[in-house]
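Residue numbers for the sequence shown follow this note's numbering, beginning at 1 and rising by one.
Just so you know, these hints were derived from the structure itself, not from any lab.
There could be a bad hint or two in this list.
Mimicking SDA-like on lysine to any residue, the simulated pairs with C-alpha atoms at most 20 Å apart in a straight line are [claimed, not checked]:
{"id": "1", "residue 1": "K318", "residue 2": "L268"}
{"id": "2", "residue 1": "K137", "residue 2": "G89"}
{"id": "3", "residue 1": "K263", "residue 2": "Y323"}
{"id": "4", "residue 1": "K186", "residue 2": "D111"}
{"id": "5", "residue 1": "K321", "residue 2": "T289"}
{"id": "6", "residue 1": "K136", "residue 2": "Y95"}
{"id": "7", "residue 1": "K189", "residue 2": "P200"}
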Amino acid sequence: MSKNTTINKNKDKDIDLDLDVELDSDENSQEDDIIREAYENPLVAVADDGNLPALSNPALHRYLQEISQYELLSREETDELAIRFREEGDQDAAYRLVSSNLRLVVKVAMDFQKYWMQNFMDLIQEGNVGLVQATKKFDPYRGVKFSYYAAYWIRAYVLKFIMDNWRLVKIGTTQAQRKLFFSLNKERKLLEGQGFKAEPKLLAERLNVKEREVVEMGQRMDNWDVSLESPVRSDSDDEQKNFLPSNGPGIESTVAGKEIKLKLAELLEVLKHKLNDKEKMILEKRLLTDEPLTLQNIADRFDISRERVRQIEVNLLKKMKKYLEAEMPDIVDYFDGEKIVISSSPS
Numbered sequence: 001m002s003k004n005t006t007i008n009k010n011k012d013k014d015i016d017l018d019l020d021v022e023l024d025s026d027e028n029s030q031e032d033d034i035i036r037e038a039y040e041n042p043l044v045a046v047a048d049d050g051n052l053p054a055l056s057n058p059a060l061h062r063y064l065q066e067i068s069q070y071e072l073l074s075r076e077e078t079d080e081l082a083i084r085f086r087e088e089g090d091q092d093a094a095y096r097l098v099s100s101n102l103r104l105v106v107k108v109a110m111d112f113q114k115y116w117m118q119n120f121m122d123l124i125q126e127g128n129v130g131l132v133q134a135t136k137k138f139d140p141y142r143g144v145k146f147s148y149y150a151a152y153w154i155r156a157y158v159l160k161f162i163m164d165n166w167r168l169v170k171i172g173t174t175q176a177q178r179k180l181f182f183s184l185n186k187e188r189k190l191l192e193g194q195g196f197k198a199e200p201k202l203l204a205e206r207l208n209v210k211e212r213e214v215v216e217m218g219q220r221m222d223n224w225d226v227s228l229e230s231p232v233r234s235d236s237d238d239e240q241k242n243f244l245p246s247n248g249p250g251i252e253s254t255v256a257g258k259e260i261k262l263k264l265a266e267l268l269e270v271l272k273h274k275l276n277d278k279e280k281m282i283l284e285k286r287l288l289t290d291e292p293l294t295l296q297n298i299a300d301r302f303d304i305s306r307e308r309v310r311q312i313e314v315n316l317l318k319k320m321k322k323y324l325e326a327e328m329p330d331i332v333d334y335f336d337g338e339k340i341v342i343s344s345s346p347s
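Construct the entire structure; sequences and hints are all you get.
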C-alpha cells in the first residue's frame, strides 16, 4: 500500500487517542517543553532533578543508565519506523520506536510522583505500557510527532494506575471523579488564595461537577485507608486485625462447650454397656459417626427389616435422652426434639 493511498483512506478520520482521561489545559501547553527536555540529556535530565529519587534507588538508577544506551531517533527515522510497523507489522521497527522513547516515559512519570509516594518504578512500568499502546495506535501519516502522541498515552496509563491504586478502594471510576482527583486540591488552594472559603457548592460550580461528588471525593482524599494487615505501631508486630472484636462465641462459652462434650462422651461410654448388640451398633455406626450407615446396611447385618431398625433407633434415642437428662440436666440443649444433634444419619 502506498503512502498516498493510505493518506486518502484516512484523511477524514480523527486521530483516535482513545484516552478516557481529562488533561488540564496548562498540562497541554507544557507538552512540548516536557518532550524537548526528555531528549536533551541521555539520562532524561533526571539525574540533576531534585524531585526524582533516582540516585537513592539503585534499581531506578540502573534503569536510567540502561535506557540511556538506546539511540535517539530523528523525526525522519521515527516516521520511517512507524510506517514499517504500520504497513508491514515489522516488530524490529516497533522495538526501536519503544526503546528510543523510554526516556520520555521517565520524564512524564516525574510529573505525577507527588501523587505516588511508593515505588517510582511502578509509574515507569505503567508508562511503558502506555508507550507500547501508543506505538500500536500511531498513524505516521497524520503529521503528528510520535513523541507528542506517545506522551498522551503514557500520561493516560500513569494516571489510571495512580487512581486505581491510590486507595485500597478504587477511585476515579468516572470522568467526574478523575477530574476531581487531580483538580480538587488545586482549586481549593486557588479559592483560598483569593480569599474565598472553598465550600463544596462553590467548588462544584467551578469544576462543573455535582456538589455531592465534591463532598465524596474530598472525604476519600482526606482520609487514608488502613489495611487490616498494617502494624498497630511502627515498633509492634501486632496487626490491626488482631484487635477487632470477634463475632464468634466467647472464651467462657467455648470452654463450657468443651466440658459438656467431654462429660457427654463419658456418659455415652457408660451407656454402651447397658445396650444390646443392635442398639450398640446403631449408636456407634449411626448416631456417633461422621459417616453413618444407612438403615438398610444395619438391617442386612442383623437380618431384620429396615423398619425394625428404625424402630430400635427411635426407642434408643428416647432411652438416651432420659438417661442423659437424669445424669446431666444441661444436656437438654444438645437435643433437637427426639434426636441428639450429633450427626445427620441417612435413611
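Original post:
Are the Cα positions of K318 and L268 separated by 20 Å at most?
Top reply: 14 Å, holds
Original post:
Has the given pair, K136 with Y95, been kept, meaning a C-alpha gap of at most 20 Å?
Top reply: Holds: K136 and Y95 sit about 11 Å apart, inside 20 Å.
**OP:** Measure nothing beyond the straight line between the CA atoms of K321 and T289; if it is 20 Å or shorter, mark the hint as holding.
**Re:** 18 Å, holds
Subject >> Pair hint K263 and Y323, alpha-carbon separation not exceeding 20 Å >> reply: 13 Å, holds
Original post:
Holds or violated: K189 with P200, Cα cutoff 20 Å?
Top reply: Answer holds: K189 to P200 is near 13 Å, not above 20 Å.
Subject >> Holds or violated: K137 to G89, with C-alpha atoms at most 20 Å apart >> reply: Within the cut-off at roughly 12 Å; holds.
Original post:
Regarding the pair K186 and D111, is the alpha-carbon distance no greater than 20 Å?
Top reply: Distance of about 15 Å is within 20 Å: holds.
Going through the hint list in order, the structure satisfies each hint without exception.
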